[in-house]
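Visitor: Listed below are the residues making up each chain.
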Amino acid sequence: MNDATFLEYVVFFAAAVMILGGAVGVVAFRNPVHAALGLVLTLFGVAVQFVAMEAHFLAAVQIIVYAGAIVVLFLFVIMLLGVDRSIDLSIEPLNVQRPLAAIMSVGLLALIGAAIVQSRDALEINPGTGVDTATATGDNDANINQLATNLFGDHVFAFQLTSVLLIVAVVGTVLMTRKWPKGAEEPVEDVA
Amino acid sequence: MIAIDPLLEGRLLWTPLLIVILKVVVVFVIGLVSTIFMVNFERKMVSGLQNRIGPNRAGPRGIFQALADGIKSFFKEDLLPSRADRVVFRLAPFLSFVPAFLIWSVIPLGGEFGPNDDGTLKDGTVVWFGEVTRVQLADPPIGILVVLALSSIAVYGIMLAGWSSGSKYPLLGSVRASAQMVSYEAALGLSLAAVLLSAGTLSTASIVAQQDSFVNWNLVSTGIVPFIVFLIATTAELNRPPFDLVEAEQELVGGFNTEYSGIRFALFFLSEFMGVVTMSAVIVTLFFGGPQPLFLGDVNVLAFLGPLSGTAWFALKLLGFLYLFVWFRATLPRLRYDQLMDFGWKILIPVALGWFLLLAALREFSPDGTFADSLRVVVISLAVGAAAGGLFLLALRVAQNNRLEADETPPTREGVTT
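Protein sequence lines correspond, in order, to chains A and B. If you count by our numbering, then the first sequence holds residues 51 to 242, one letter each, in order. If you count by our numbering, then the second sequence holds residues 46 to 463, one letter each, in order.
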């Protein structure tokens, strides 16, 4: 084992501890704000793993979008709705929830285990046939260039459709949260 | 695995490791010292602008005032409000302090930039103890995105500080702060995109390396608009005056840090001032060529400093921006909250987006930069922009009228009818 792979192991295990610790925290913390912070820890751990795999851009997006925007939004909602108090986790609102969750998690674990066992050989035969990494090409921006070509070249149609989807969602939200004038409960004529 | 520094390629040896450790220590010290300097600088400058003397007791001309305040805050009682969330209350100051600090790691603080003898550009690497490296802690391929990521993380410190205090005013202050920071991040990112379009790379070292003369500074080559938008968005992102609604004393006691005392308060205070220094450094890096010299004709007036001239230029430019931020604070009155949000969403974001589209159109349809081509592109873009702006204003007016009709009692707030 040379120095570089040793470092990779250290980084991997540190990040894995972050991810798993955060994930356990999300489930086990009684206070929703603490659970949201656990989620942030998990997202950071995933970002570290991305960096270790030289997917630098993905790591940055992970932090900016998930940790920087989405969980901030979660916290916002938690604080504004005033549900930021500790709750008793032993109360079960739906009786079938927990057995179902247990079955689901065992099944998921089995699936992942099966996938790893199945693909064990494939990983060794052709490692890293995906995106070329920066060290492989010697170009710092190679990673981003490939992503951009893929996203805005090969999949540009899907990309545009996604933006339409987002616009529809935004317009829908605006319509749903709007206060309509009294007597005009049917907003159809107004919108046109 | 780690491609952030030429040092770290290949086997890890003792010399590179020591250089990296040295760089970490130096960046840490620079961060702290510059923050202490900024506290003093701001107090002295503001007092000068307000015709006062300012701190003048601790040391000659009061230069040890910030140090004295810092040491004092260590010995002050550290209050923990009884309704506070203990863990988060203790964690929040660090969440605010660490991101401000980490931005230093991607800023080029010096190095050899400028043209080589054969006309190619130097990439800023230097040779220390026989090892090729950079005068910056790390040069990750995503360079400037690290800055964006860290500034979006900085929201947590303020938000959680306000929430965990367990009282009303801090919570109000922190909700204001996070709404403001999230809103202005969009304008910040869009103005940054214009720079990235002209640079074609995300690495901070490469962005600096391309700005080798005044006309190539991104300030000039992107037109001055992205710089102005970036400067304003940065001021809002840092919660500096005139965007300091977060700690509007008249309304919120002290804002998100009302319940904090002793060293925890000092950490918030420090992170605010460090944020000013680091974001000024980011502006210098993005728009003013970082450590690149400003040639007067062919003369680099700081060339006599030898290898340190880059760092000297960087410090000089940085100082200009530190003064600008102090100047803002001493001159501009605070905005009202609705003005703040309107300004961010209805002016800064459309302007930044429009300018970005114009630059993109110029690159695509006038690649040679001939005057006729550029003029044609600009005229067409302006026409399209005017049409889009007109539609936007029309939509705003219709929405406003609808709102006015919806309310039985028309709102008394001024400015609605414009």
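In short, the hints are calculated from the structure, not lab data. Cβ coordinates follow ideal geometry from the N, Cα and C atoms, glycine included. Don't take every hint at face value.
[Claimed, not checked] Stretches of chain B that chain A covers, calculated by requiring three or more beta carbons in the stretch to come under 8 Å of a beta carbon on chain A: (1) 195-208; (2) 401-407.
[Stated by the list, open to error] Derived CB-CB ranges, DEER-like: (3) A/P143 with B/E122: 35 to 45 Å; (4) A/P143 with B/I269: 56 to 66 Å; (5) B/G351 with A/F79: 53 to 63 Å.
[What the hints assert, rightly or not] Negatives, chain A to chain B, calculated, CB over 12 Å: (6) L70; (7) A73; (8) L87; (9) A97; (10) E104; (11) I113; (12) I114; (13) A117; (14) A119; (15) L123; (16) A152; (17) L158; (18) N193; (19) T199; (20) L216; (21) V218.
Visitor: Honestly, which of those hints from before does the structure not fit?
Guide: 2, 8, 9, 10, 11, 12, 13, 14, 15, 18
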